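Let the hints inform the model, and build the full structure from the sequences given.
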Amino acid sequence: MTQPILEIRGLVKEYQPGKPVLHGIDLAIGAQGITAIIGPSGTGKSTLLRCVNRLVEPTKGSIMMGGQDLARLRGGALRAARRRIGMVFQEYNLVERLSVMENVLTGRLGYVPLWRAWLRRYPRADLDRAFALLDAVGLPEHATRRADALSGGQRQRVGIARALMQSPALLLADEPTSSLDPRTAVEVMELMARLTGEAGVPVIVNIHNVELAKRFAVRIIGMTGGRIVFDGPPDAIGNDHLSEIYGGEDWI
Amino acid sequence: MRRAFAPNWPARIGLFVLAAYAVWATSQLGITGERLATGLGEGGRFLARMWPPDFSRWELLLEGLVESMQIAVISTVLGIILSLPLGLMAARNLSPAWLSAPTRGFIAVCRSLHYVIVAILFVKAIGFGALAGVAALTVASLGFVAKLFAEAIEEISMKQVEAVRASGAGPAAVLLYGVLPQVASRFIGFSLYQLDSNLRNSTLVGIVGAGGIGGTLFAAFKRFDYDFVAAILLAIIALIFVAEIVAGRIRAALQ
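Those sequence lines, one after another, are chains A and B. Residue 203 in full-length UniProt numbering sits at position 203 of the first sequence; the count goes up by one each step and never skips. Residue 3 in full-length UniProt numbering sits at position 3 of the second sequence; the count goes up by one each step and never skips.
Everything labelled a hint here was simulated from the structure, so no lab data went into it. Keep in mind that this is a model prediction, so the values were computed, not measured. One thing to keep in mind: the hints can contain errors.
As a list, the in silico BS3-like pairs of lysine-lysine whose alpha-carbon atoms are at most 30 angstroms apart [said to hold, decoys possible]: (1) B:Lys147 x B:Lys159; (2) A:Lys19 x B:Lys159; (3) A:Lys19 x A:Lys60; (4) B:Lys222 x B:Lys124; (5) B:Lys159 x B:Lys124; (6) A:Lys60 x B:Lys159; (7) A:Lys214 x B:Lys159.
Counterexamples of contact, computed for chain B against chain A with all Cβ distances above 12 angstroms [claimed, not checked]: (8) Pro7; (9) Ala22; (10) Arg45; (11) Glu59; (12) Met158; (13) Arg165.
Each residue gets a CB set at the ideal place from its N, CA and C atoms; glycine is no exception.
Okay, structure coming up:
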């Protein structure tokens, strides 16, 4: 593996003292491609992702990125780190009453001064890039529509554009396709894989659908009970691994 | 036989007790048929003296109305400006408990006293005139609007806020892009409603000397100028109607 962009060491998260959700995760993410994390619901996949951009506070351990320990950052330093980490959410989490363009430009809030954001006076370069991203995600005509007027698939495309607008060094995707129908799910995954591939942004994606994970990821992490139990390329994962990750085997 | 509906004895007993108390209280207050008859007779004479309304002192009337309107507008604007930070500070989903609890307490104190009582306090403290009325209605607006603002903020979707926060936005940018869009239309609705009720309330604070048409009304009552009273009341009703129509138009335009 090339020099890792993200290196997690001994990460523990306890929502209640003495009941860890993550039992000391060690994980290094390479500088390229999609890493898919699979595992049953409630196994800590989402918590792991949210510890990286500190939407959840880690209890113990270190998360090294660009020579900084993300787990220790505070205030302005934390915000500066967050703006280099894009995030795509299961339920899109667009600000529904803002326009599509405003949602995409939300990705620049970590960069532009407050008055520019307030008066919607974004630098020309940001606006050009936002339009280019809207074209790239297939929503060229939707800039001025309100986000709540879009379908689920369209919203997730805006979510991807917003994350890429941050010029991220890393993209986190938390169940990005779980609220979508099967066809739209594939389209959204294809879009995300293509755009992040072009931009050279590594992706960590939590995903329920093992087939989708195998199809798009270069590496699959299997988690169960807050521990990593599989780590390897997609063609190395077999039924015995799936049985260990999800438990039982009748469903396979 | 099987019962389809369980009898609610506590509710039946409660209603019976309430009815019995109402009858007993009526007799305690000396409200009899005879008293009612004299009262209605007096009422008839009073109404007769109000007609026709006397608009000859229209300058005095207009001056009072304009002052009432100014009191209402200024106190609404001040109340809203103060309510924005207070509502945010009182919202339990965005503010820490050590901040939200005392702020909620302060807002509750603003709400607890009737605005006429607050107006009397301000007249005593800072003297007669419109300033006391503005101060009293600002406090009243604050108690009402800040509470509604806080409740609106507590009902927002935190997922949208979380996404803005994840982009690296600072606290002020999170408010502008994550919180404000979700509450703006409700905030405007509450503010219009408060302007409406301040217009009504500003006609009353004058009675205790806090400026506006209320003072003129009270003086006319004391001099038994019932035809002038009628003119004032008609003018107030017209003002409220106009305000209602304007507020309705603004609401419709915002939809």
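Each hint, compared with the structure:
no.: 1; hint: B:Lys147 x B:Lys159; result: holds (23 angstroms)
no.: 2; hint: A:Lys19 x B:Lys159; result: holds (25 angstroms)
no.: 3; hint: A:Lys19 x A:Lys60; result: holds (13 angstroms)
no.: 4; hint: B:Lys222 x B:Lys124; result: holds (22 angstroms)
no.: 5; hint: B:Lys159 x B:Lys124; result: violated (49 angstroms)
no.: 6; hint: A:Lys60 x B:Lys159; result: holds (25 angstroms)
no.: 7; hint: A:Lys214 x B:Lys159; result: holds (29 angstroms)
no.: 8; hint: Pro7; result: holds (46 angstroms)
no.: 9; hint: Ala22; result: holds (49 angstroms)
no.: 10; hint: Arg45; result: holds (58 angstroms)
no.: 11; hint: Glu59; result: holds (45 angstroms)
no.: 12; hint: Met158; result: violated (9 angstroms)
no.: 13; hint: Arg165; result: violated (7 angstroms)
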